Amino acid sequence: MGMTISEKILAAHAGLDRVEPGEIISAGLDLVMGNDVTGPVAIQEFAKLEIERVFDPEKVVLVPDHFTPNKDIASAELSKQLRDFALAQGVTHYWESGRVGIEHCLLPEQGVVLPGDLMIGADSHTCTYGALGAFAAGVGSTDMAAGMATGEAWFRVPESRKFVFHGAERQPWVGGKDFILYLIGLIGVDGARYQMMELTGEGIGALSMDGRLTMCNMAVEAGAKAGIIEPDETTLRYVRPRAKREYKVYRSDADAHYLEIYDINTKDIPLLVACPNSPENVKPVTEAAGVKLDQVVIGSCTNGRLEDMEAAASVLRGRKIHPLVRCIVLPGTQTIYLESLRRGWIEDMILAGAAVSTPTCGPCLGGHMGILAKGERALSTTNRNFTGRMGHPGSEVYLSGPAVAAASAVKGEITHPQEVVNNG
Amino acid sequence: MGKAWKFGDNIDTDAIIPARYMNKTEAAHLAAHCMEDADPGFAARVRQGDIIVGGRNFGCGSSREHAPIAIQAAGLSAVIAESYARIFFRNALNIGLPIYECAEAVRGIETGDDVEVEFSSGLIRNITKGAEYQARPLPPFMREIIAAGGLIAQIRARNVRKENADA
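Protein sequences, first through last, are from chains A and B.
Position in the first sequence (first residue = 1) + 3 = this note's numbering.
Position in the second sequence (first residue = 1) + 1326 = this note's numbering.
Okay, chain B solo, but in the shape it has when bound (with noise of 0.2 Å):
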């Protein structure tokens, strides 16, 4: 369970993380930044689990992958939106951020609300409302790599299986 915070519409990957801070690749430094040109001093106020809720088209612009793993790393465990960028929506599926689209929720949750999600089933609970939204289910194939924690970490067990397979 964590607790919500609340974007709006279009939030730029500029504004999840500046490029003025991707000189730098290192997670942890990614995070203290994160959505800081939306919500300044945002990363210091996160707590491990908080969930992001955003409107439309989240994650549009860059298709630095900066700005998921600075969402990841600030410690937040889920994005739940309205509709997501193409680009910030594989960048997120790759690096295994659980990642949910829900017009409904997005309607229903304010900052501050406990909310927590069911993975598998993409059931989302709002604690302090005492509602629950049906995220839209990701395709089995998107929701496999995120179980694995990545594309990394999948291409790395497939090729495991592989070799296991041809000794």
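Bound-form chain A, shown alone (with noise of 0.2 Å):
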């Protein structure tokens, strides 16, 4: 029987022609990431183990984006552990404010993760990479610890799901957002739990690199250990530019096996929105139209590219944002920052009545630059809504796309875009 992408990479990276779900393998990692947050502890761990160098300062991977810019005294704490070990260890992956962005949006942005590559992060959304092909596992601040210090790590080898998107066309204004939380609300938050969820078909083939990023960074709400496609032209065209080193294609044999097979039209897809407080609990925007809304996020690891940028200024560009609502958009790095800034969408935004931000996970995760009272709601391009997530637990989450978040901003209530659009 032939082996799944995912299984081709383990079985390259531990050394093995061939590996079998369920089987707990070794293997070296091309890279080793953390975060402000995870990223302390984990040197806190490091430093237990009385290593004095981490095995590759060039495969460890350390970005201040979740309380950066540091929020307070006890997070700019955090910050320094982790720019004084950088530093210590002579990382070459590290960034400053005014350079950094949001993990996963930055290090595909800077060629950083490439195809067939074999990595861990001590994010969850760390998922996200397997949208160039890569093998990218979330795991906590003792693996990442470990990974530093050792260049591998263990993994029980994945079965895995596969999603079938049959033809090209979508609905108007439907993108990868959609894509995932169909997906989600289908199998639900455990529904591919330490299993792989590999993506393909033709509504794939037709998605952008940030449509697919988007996709891929959410399997962990389905419970996966990672969402993965296979490299193509656009995967390709995407990574030439980039890439600084070899990277390696894989793909999987027509005989790999699956646990399941799933078959979906793409244009029976709708515009989405998952309501409080799991992102299983998903609906069409039509069935929620009317929530009222106290804030807007437009951004984050999930939504925060060019292409989300795009489609909340073309909706957002002449009008303007309910009075009563706070609008916050968080460009994913500095390069879509300022490349939307060229293109006029951040003047788009502004002129709507948007607060725009530098680059950090933020409010996402309840951490700064837009925390939700008790009562409040809020619309959401991230990726978790959580009871309290964005705040106080009093508080609710429904998530969605940039285009439905854009237009709720203006309406003040959640709203199928076309309703904006079409008012003029």
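No lab work stands behind these hints: they were computed from the structure.
Wrong hints could be hidden among the right ones.
Said to hold, decoys possible - Below 16 Å or equal to it, Euclidean Cα-Cα: the simulated EDC-like pairs (lysine to aspartate or glutamate) are:
1. A/K165 / A/E263
2. B/K1329 / B/D1440
3. B/K1350 / A/E53
4. B/K1488 / A/E53
5. A/K295 / A/E416
6. B/K1350 / A/E263
7. B/K1332 / B/E1470
8. B/K1329 / B/D1439
9. A/K83 / A/E99
As the list claims (entries may be wrong) - Label-pair ranges, simulated between beta-carbon atoms:
10. A/R102 / B/R1469: 36 to 46 Å
11. B/G1401 / A/E99: 34 to 44 Å
12. A/A246 / B/R1469: 40 to 50 Å
13. B/R1469 / A/R21: 18 to 28 Å
14. A/R102 / B/A1491: 38 to 48 Å
15. A/R102 / B/A1483: 24 to 34 Å
16. A/R254 / B/A1491: 50 to 60 Å
17. A/E99 / B/A1491: 36 to 46 Å
18. A/R320 / B/G1334: 39 to 49 Å
19. B/A1358 / A/G321: 48 to 58 Å
20. A/P175 / B/S1447: 57 to 67 Å
21. B/G1375 / A/E342: 48 to 58 Å
22. A/T289 / B/R1433: 33 to 43 Å
23. A/Y261 / B/D1440: 37 to 47 Å
As the structure is a computational prediction, the values presented were derived from the model and not from experiment.
A virtual CB, placed ideally from N, CA and C, is assigned to each residue, including glycine.
Taking the hints as your guide, dock the two standalone chains into a single complex.
Take a look at the structure:
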């Protein structure tokens, strides 16, 4: 029997001809990543190992993006631990505010992670990089510490579920966010627990790199180890100008084994929202229409890329955000921010009444830059709407793609973008 | 032996330790806010050795190791759940927090029951109800990590053994 792309990447990094789901292997890592929240805990654990140097300073990635620009003294101490460690170890992939971006937007953009890589990241949304055809799994701080010390990690080889998107055509405004919300609604928040979600078909082929990164980003919201997409011409066009080292394209064999194969008609997927307090609580936007909002957040590692900024700006252009709504826009990286500025999108958004911020994870996890009070409600392009995720446990978060978020900011309630655009 | 504290399905890491407390890494600080958004005041009521009982997909969401650290530092001796989200599962093993998968125990145990667990066999005893449940055994590889006191302790022990062998 053949192997899936995921099994091939794991086997290659474990020095094995083949691996079987369920098998526990030790494999060599191309990258080990952490941020200002998980990194300091890993650095403290690393110190306990009494090993002087990380296994390879070019393969360790430290991204201060969660509570940065530092929100308070305690978080400034966390950032300082990360910075001191990066300097002491000569870590090459480290960025200060002004150059840093949200890790899962920054790493693909800078060509740090590449097709065929095996990496661990102490952040659950590390699964984003599967969009490049890499095997990238979220882990905790101790795994990160052990990875930095040894250059290896243990993996239970995961089973794979295959999702085939038939047909390239999609409904107006629909993008990667709607695709992945659709899948989470279909299989539930533990539907792919410990497993891979392999995404394929014409619908995926027609999706931009930005849309694919959005999809793989939220695979963890279905319990998956990661999402993964075989590299195609779209992937390689994105990767070629960015890569500064060799990479390898893996593809699934035709006779690879899948736990289950799902057939999805791309054009059946409507614009969706996930209602409180679970990403699986998915409804067509039309069924949630009219829900009043206090805040709209556009950005994050899920939807903070150029295409997302374009979608939001195209809806906000020439319109005004509802007077009682705070619309916070967070481009994912400085490059995305600058490009959005040059194309006039930032101006469109500011004129509409949006607050545009420097890249940060900030409000997504209730860190800073847009915390909700008790009883307040937000619509956000982020990835989680758990109780208290964005602030007070008595606040609520709905999730959507950027066009729905921008239209809803204008109307002050959850709205289909067509309604706003048609009405001038 | 400890008292059981029962929670539902899909207890996420934001409920176990909200991000607003993650600007500090000290275990005692995290422990003081353990399960705060699922059960306010939980940390103050828990006694040393108590056990958390969760449903399906316990610990879903973020990769924050602060979650099992908060549970361990609050004095809880184990978690029993029907199933775990994978990063929480890894993190619990890696810090040496015993975790057991047992749907029958989850069904049988209620908050306040006196429960004890035999680490080596995974046998769970509900003293209050006079019932026993068998948890799914962890693979030996994972039991060894917990028994060593976590992944870091295990790597250290391995390195010491290696140095002794080299000497």
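Outcome of the hint check:
{"no.": "1", "hint": "A/K165 / A/E263", "verdict": "holds, 6 Å"}
{"no.": "2", "hint": "B/K1329 / B/D1440", "verdict": "holds, 5 Å"}
{"no.": "3", "hint": "B/K1350 / A/E53", "verdict": "violated, 23 Å"}
{"no.": "4", "hint": "B/K1488 / A/E53", "verdict": "holds, 14 Å"}
{"no.": "5", "hint": "A/K295 / A/E416", "verdict": "holds, 4 Å"}
{"no.": "6", "hint": "B/K1350 / A/E263", "verdict": "violated, 42 Å"}
{"no.": "7", "hint": "B/K1332 / B/E1470", "verdict": "violated, 27 Å"}
{"no.": "8", "hint": "B/K1329 / B/D1439", "verdict": "holds, 6 Å"}
{"no.": "9", "hint": "A/K83 / A/E99", "verdict": "holds, 11 Å"}
{"no.": "10", "hint": "A/R102 / B/R1469: 36 to 46 Å", "verdict": "holds, 45 Å"}
{"no.": "11", "hint": "B/G1401 / A/E99: 34 to 44 Å", "verdict": "holds, 40 Å"}
{"no.": "12", "hint": "A/A246 / B/R1469: 40 to 50 Å", "verdict": "holds, 42 Å"}
{"no.": "13", "hint": "B/R1469 / A/R21: 18 to 28 Å", "verdict": "holds, 27 Å"}
{"no.": "14", "hint": "A/R102 / B/A1491: 38 to 48 Å", "verdict": "holds, 46 Å"}
{"no.": "15", "hint": "A/R102 / B/A1483: 24 to 34 Å", "verdict": "violated, 40 Å"}
{"no.": "16", "hint": "A/R254 / B/A1491: 50 to 60 Å", "verdict": "violated, 43 Å"}
{"no.": "17", "hint": "A/E99 / B/A1491: 36 to 46 Å", "verdict": "holds, 44 Å"}
{"no.": "18", "hint": "A/R320 / B/G1334: 39 to 49 Å", "verdict": "holds, 45 Å"}
{"no.": "19", "hint": "B/A1358 / A/G321: 48 to 58 Å", "verdict": "holds, 50 Å"}
{"no.": "20", "hint": "A/P175 / B/S1447: 57 to 67 Å", "verdict": "holds, 59 Å"}
{"no.": "21", "hint": "B/G1375 / A/E342: 48 to 58 Å", "verdict": "holds, 56 Å"}
{"no.": "22", "hint": "A/T289 / B/R1433: 33 to 43 Å", "verdict": "holds, 39 Å"}
{"no.": "23", "hint": "A/Y261 / B/D1440: 37 to 47 Å", "verdict": "holds, 45 Å"}
Checked against the numbered hints given earlier, this structure breaks hints 3, 6, 7, 15, 16; the rest are met.
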